[in-house]
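Residue numbers (my numbering), protein chains in the order written: chain H, 1 to 501; chain C, 1 to 87.
Hint data in this document are derived by calculation from the structure and do not stem from the laboratory. Bear in mind that the values here come from a model prediction, so they are computed numbers and not experimental data. Hints may contain errors.
30 Å max Cα-Cα, derived DSS-like pairs, lysine-lysine [to be verified]:
| # | chain 1 | residue 1 | chain 2 | residue 2 |
| --- | --- | --- | --- | --- |
| 1 | H | Lys291 | H | Lys52 |
| 2 | C | Lys55 | H | Lys387 |
| 3 | H | Lys484 | H | Lys160 |
| 4 | C | Lys67 | H | Lys387 |
| 5 | H | Lys291 | H | Lys484 |
| 6 | C | Lys49 | H | Lys387 |
| 7 | H | Lys52 | H | Lys65 |
| 8 | H | Lys469 | H | Lys484 |
| 9 | H | Lys251 | H | Lys43 |
Among chain C residues calculated to face chain H with C-beta under 7 Å, some are [to be verified]:
| # | residue |
| --- | --- |
| 10 | Ile7 |
| 11 | Gln11 |
| 12 | Gly12 |
| 13 | Asp13 |
| 14 | Phe14 |
| 15 | Leu16 |
| 16 | Gln17 |
| 17 | His37 |
| 18 | Arg41 |
| 19 | Ala44 |
| 20 | Gly48 |
| 21 | Ile50 |
| 22 | Ile82 |
| 23 | Ala84 |
Where a beta carbon is used, it is the ideal one built from N, C-alpha and C, also for glycine.
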Amino acid sequence: MAILERSEWYDVARDTNWTPSYVKEEELFPDQMTGGLGVSRDKWKSYDEPYKTSYPEYVKIQREKDSAAYSVKAALDRSQMIETADPGWASILKSHYGAIALGEYAAMSAEARMARFGMAPGMRNMATFGMMDENRHAQLQLYFPHEHCSKDRQFDWAQKAYHTNEWAAIAARHAFDDLFLSRDATSIAVMLTFAFETGFTNMQFLGLAADAAEAGDYTFSSLISSIQTDESRHAQIGGPALQVLIENGKKEEAERLVYMGIARAWRIFGVLTGPAMDYYTPLSHRKQSFKEFMQEWIVGQFERSLIELGLDLPWYWDQMIAEFDYQHHAYHLGVWFWRPTVWWNPAAGVTPDDRDWLEEKYPGWNDTFGKCWDVIIDNILAGRHEKTLPETLPIVCNMSQLPICAIPGNGWNVRDYPAEYQGRTYHFNSEIDRWVFQQDPVRYRDHMSIVDRMLAGLIQPPDLGGALKYMNIAPGECGEDAHKYAWAEAYRANPYAKKAA
Amino acid sequence: MSAFPFISNFQGDFLLQLVVSDVNANMDEVAESAAYHSVGRRVAPQPGKIVRVRKAGEADFFPRQLKVADSGLKPMDCLEFIFANPE
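For reference, chain H alone in the conformation it holds in the complex (with noise of 0.2 Å):
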């Protein structure tokens, strides 16, 4: 018997629509659990997924996929590659696992979501498979740290981030739960796959591979491959989503959807990716800043979909993309300082070789975040390292639950974003944080925030060890510099002097 081409049975197959005999509509499909909008039935059947495939071609592609995977780990798994690599590649391979691995399950969830309650069967249908992809992702990115939790702790973050209150872990939970974990399955086509797949983890996941390849992490790379080729698929579901809801008059909120969803995203890669990228990837790894890749892929990226769509740039776009020359900077030197708060050990990543790089790449960096870098080896090489630690907690945002933090030195320019509501005042670090905000306070305005429930005596003793207690760090967990601060002592010598332009 002959097996017809998919595509003369695809449209049939997928199309899961019927007439509901024994509930109303409305009640398969409650508004509340599809974020439709308003937008009938009948109009999302224009809904046209990009990327069409069947379940048997699924299952085979994933099985090779998987298998690919498996194996390069399972012959490279005595290659020391971790105990021999710079310790500033294993603290992106911490961060990496505890912040993502099971903020893959949530998008499973999400992806879930989708497939019971999207509103075009075209949309359940790749979800379907998205649900399936994510569950991958996240078994992946349990498995692999796993073999090295027996020689260092911090790798079984990866399991333990999610289950603590570790303010980095929050920070993530309480995006990944507003992006996609608690939202309806429209506003996590536009979310999840649109604004932070299509235009963040899918670019970004791409990069990973080619550093982790570069840095000779041959078992990552290929992990990281295996999951963006599953990104670059489903992250698609989003796209066609937005037509129908600009074609049905739904601009506006489609836009504001976006708008949320790029904002929260943006803080997110900016505390990850971009330490990784300008501090701990050590220099001669390194082939393009932050603020480059941010600009050539994110930016370009964003653009290109926005304008193709029809929908308007951020009214924020500007602001946002000037602080590609600062936010993660000062997020870096927050988690440097705050070492002992998270999972991982982060690389200083200023030795004057590196600082000429940062000038360069970030022209008055020396006379703003070098100004408390040079505090700080001053410090170090005075043995005072009770003076590179913290005794208290910064400010941190009510929306993305990262310090509020900016430029400081001579371009000092830190300052707080606050709002009043119901008597309460929150505070944010930009116009951005606040406006989101301000789209949905009923929805945002319960959270409390790592400082919150200090003053609400949560943490107790309301002190560091208090602090470190209440976010689950255990002893030998605890963040310190990756290089014991041997980078330090370059400047032991010779004081830095900035190179003449």
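Following the hints, put chain C in place on chain H, whose structure we already have.
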């Protein structure tokens, strides 16, 4: 003794911090509490200068001897700490 928590925005530092002083402290003492967490850690000392206090976004400093209890400040107000020449 009654604790007075506030947000410290210290000139030259890169972030806002939670600092605790006392409602009976004067502004010089509040500045000292804030400096403890910034100066000599990430902000270089400025010998010969003093640190003045003002409410975030305002131009005028509080009088140096003004007590927190008499200043109208509320817990968790954001204060700016600026190096200045002694009068």
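Hint by hint, here is what the structure shows:
1. H:Lys291 / H:Lys52: violated, 35 Å
2. C:Lys55 / H:Lys387: Answer holds: Lys55 (chain C) to Lys387 (chain H) is near 27 Å, not above 30 Å.
3. H:Lys484 / H:Lys160: At roughly 25 Å apart (the allowed maximum being 30 Å), Lys160 (chain H) and Lys484 (chain H) satisfy the hint.
4. C:Lys67 / H:Lys387: holds, 29 Å
5. H:Lys291 / H:Lys484: holds, 28 Å
6. C:Lys49 / H:Lys387: With a Cα-Cα distance of about 21 Å, the restraint between Lys49 (chain C) and Lys387 (chain H) holds, given a limit of 30 Å.
7. H:Lys52 / H:Lys65: holds, 18 Å
8. H:Lys469 / H:Lys484: Status holds; Cα separation ~24 Å.
9. H:Lys251 / H:Lys43: Holds, because 15 Å separates the two Cα atoms, which is no more than 30 Å.
10. Ile7: holds, 5 Å
11. Gln11: Interface hint status for Gln11 (chain C): holds (6 Å vs cutoff 7 Å).
12. Gly12: Gly12 (chain C) check passes; min Cβ-Cβ to chain H is 5 Å, inside 7 Å.
13. Asp13: holds, 6 Å
14. Phe14: Cβ of Phe14 (chain C) sits 4 Å from chain H, so the hint holds.
15. Leu16: Because about 4 Å separates Leu16 (chain C) from the closest Cβ in chain H, which is inside the 7 Å limit, the hint holds.
16. Gln17: At about 5 Å, which falls below the 7 Å cut-off, the nearest Cβ of chain H leaves the hint on Gln17 (chain C) intact, so it holds.
17. His37: Status holds, d = 5 Å.
18. Arg41: This interface hint holds because 5 Å falls under the 7 Å limit.
19. Ala44: holds, 5 Å
20. Gly48: violated, 18 Å
21. Ile50: Violated: closest Cβ of chain H sits about 18 Å from Ile50 (chain C), beyond 7 Å.
22. Ile82: violated, 10 Å
23. Ala84: violated, 15 Å
Of the numbered hints stated above, those contradicted by the structure are hints 1, 20, 21, 22, 23, listed in ascending order.
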